[in-house]
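Taking the hints into account, I'd like the entire structure generated from these sequences.
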Amino acid sequence: MVRRKLKHSLAVSTLVANMLMIAITLSLGAILVAWAGASFGSFSGGSQLYYVQRAQALQERFVIENVFFNSTAKTVMIFVRNVGSVDITAVALYVNGAPNLRMNPGSWLCTSLPTRIGVQAVCEFNLNWGDYTSGSVVSVLVASSRGNQAVYTARAS
Amino acid sequence: MRKLWIRRKAVSSIIGGIIVLFLFLMALTAMVIVSQQNDAYQSMASKMSQKDIDRFTENLIADYPGLTLEPTNVSCTGVSGQCNVYDMTVSNVGGLSNAGNVGGSTGVSAGAGGGGVGIQLARLYVNSTGSTGCSPPSGPCILNPDSAWFSGTPTAYTFRDSDAFVNAGEFNHTVHFYLPTSIGPLPGAGTATPKNTVWMVTARGRVFSMQWPFPPAGISQSGAATGTSINTGIMKIAYQGTYDSKHEGAGASGSTYPNAPYCHGEPQGTGPDTAETLTGITGVTGGSLTFINPWITDMITKEIKNSRAQLYIYAKILYPNSASSPLQFNQPSGAIGLEALSGSQIWKLDGALFGIYIPSGSNIGFYCESSACGSSVTVPPIQPGQNYYALFCPSCSGLGYAFDWPGGPSFYFGYASVSSLSLDSSYFSGSILLDGLWERTSCAAP
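Going line by line, the protein sequences match chains Z and F. The numbering of the first sequence is the working numbering, which starts it at 86 and goes up by one. The numbering of the second sequence is the working numbering, which starts it at 227 and goes up by one.
Just so you know, the hints here were simulated from the structure itself, not pulled from any lab data.
Derived lysine to any residue pairs resembling SDA-like cross-links, with alpha carbons at most 25 Å apart:
#, chain 1, residue 1, chain 2, residue 2
1, F, K421, Z, A158
2, F, K277, Z, L143
3, F, K277, Z, Q138
4, F, K421, Z, Y237
5, F, K421, Z, F154
6, F, K421, Z, T157
7, F, K273, Z, G232
8, Z, K159, F, G356
9, F, K277, Z, V137
10, Z, K159, F, T423
11, F, K277, Z, L226
12, F, K277, Z, R201
Okay, the calculated bits of chain F under chain Z, using three or more residues with CB under 8 Å as the criterion:
#, stretch
13, 255 to 266
14, 348 to 355
15, 427 to 433
Cβ coordinates follow ideal geometry from the N, Cα and C atoms, glycine included.
Quick look at the structure:
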């Protein structure tokens with residue numbers, strides 16, 4: 086009798102074994118589906134963000150259309166025009182590589198940064214330039230919030 | 227098959243298949259979404275690329291005379307007082323297949339070279355040197371388009387927005403703009419050295435510029451020994467009598483403008499390099515004719531003192547009496563006449579020959595046509611290869627009746643008349659219209 090019990094090799098019945106296998110398979114499948122869904126969702130979401138941002142940056146066009154130097158008042162007038170298809174936000178203005186925020190208040194349109202520039206609008210910066218030197222070459226750079234830049238090099242009159 | 231039917235793992239296989247199928251569909255969906263986004267991005271990139279192409283296709287050039295100050299001021303808003311009205315002449319040669327022939331009557335077509343584009347002017351900047359005009363502290367002048375002119379009262383520091391668009395391939399497009407009289411006229415009208423720079427900003431972000439007055443081009447006239455004058459062509463305007471130019475030098479009688487060198491480049495005298503004032507001429511006021519540039523005639527018409535100015539066209543005959551040419555220059559005794567030539571030969575100019583001017587050695591001679599000056603004037607033999615200068619009076623019936631001013635017909639006194647000429651270019655060097663300027667590089671008072 087004891088020998089017969091020992092020779093019995095089935096721990097669980099066939100039915101229970103099948104149910105266990107199904108449960109394990111379903112669990113693993115659910116985990117796999119959840120993981121894949123998250124991965125694909127993240128992939129497509131990141132892709133969408135990437136393309137949207139790239140498209141917006143691509144639609145940006147802005148130019149520094151003119152720079153005037155006033156040697157008497159020791160100021161520099163910088164005119165930035167948005168010629169793109171979307172509004173831009175000018176976030177930085179560099180003169181010879183250094184941020185120059187000594188902007189004059191007054192009737193000028195842009196007196197601080199960041200500033201929003203609508204389509205076809207012109208932003209006029211009027212900077213104090215105490216170190217005005219006639220004949221010096223000045224490089225002006227305007228950067229937008231989307232990472233685009235416009236550069237203008239001029240010689241002070 | 228039978229074995230498959232009797233397998234007892236059917237449920238697991240179905241579930242596995244569903245999972246695999248689900249994963250496959252999810253990946254496919256992600257690919258479709260990404261593809262759509264990429265398509266949208268590429269479409270945007272293509273659109274912006276086309277905009278860039280249009281942008282760099284733009285090409286705006288200024289046409290002679292660049293700027294013209296209208297004689298009448300207008301009332302304007304934005305400032306106290308009135309405004310000067312300037313006419314700026316530009317041409318849109320962007321995308322033209324043969325833009326090098328600007329000014330020519332043929333050979334320019336829009337679109338054949340990749341498509342012309344219309345240009346929308348967004349802003350003008352005018353920067354002047356000197357004490358008047360758009361100079362600091364008032365300058366630079368910034369002019370935006372404005373529609374207020376339509377109601378009859380323009381705004382200072384604006385240009386007409388209806389002039390802002392220049393069609394593809396459009397030539398001699400006029401843009402009217404308004405500057406307050408309080409800043410004075412733009413300096414340098416009638417001078418050889420440009421005093422003003424005009425920047426034209428387009429809506430696509432391009433910036434074009436012009437200098438005004440137009441700088442001279444070319445080399446010295448008559449091989450000027452002093453090198454102070456420039457010959458850019460063959461057309462001249464002659465006047466008789468005296469006048470006070472606004473920009474005449476110090477002490478000019480009646481001048482209401484600050485003393486400034488007058489650079490019309492018409493040296494006084496009769497030397498080989500100062501040939502532009504011809505003296506001893508019978509039949510003209512004071513017996514002399516002074517040849518000036520077409521662009522200066524506007525000033526003359528405003529400042530003329532003897533109530534009469536006459537316009538003559540000064541042309542240079544390159545191949546007179548050429549033995550190899552059947553187009554002989556007929557030379558009756560004592561006179562030179564063109565009546566022997568048909569209109570299709572040497573001259574296609576409508577007008578009477580007034581006389582001929584021949585630089586010969588150190589002497590400058592002026593010889594009238596017999597019917598104008600009488601038969602007493604002797605005309606020297608005309609030599610092949612010699613440069614001659616024939617004076618014509620276009621559309622006048624006789625000496626002294628050309629374009630009387632004031633009181634004559636209303637017309638623009640300078641270039642408009644010149645541009646109406648039709649000369650056989652095979653007998654002349656260069657373009658008649660644009661080569662008609664003589665200027666000096668230095669501004670010495672005459």
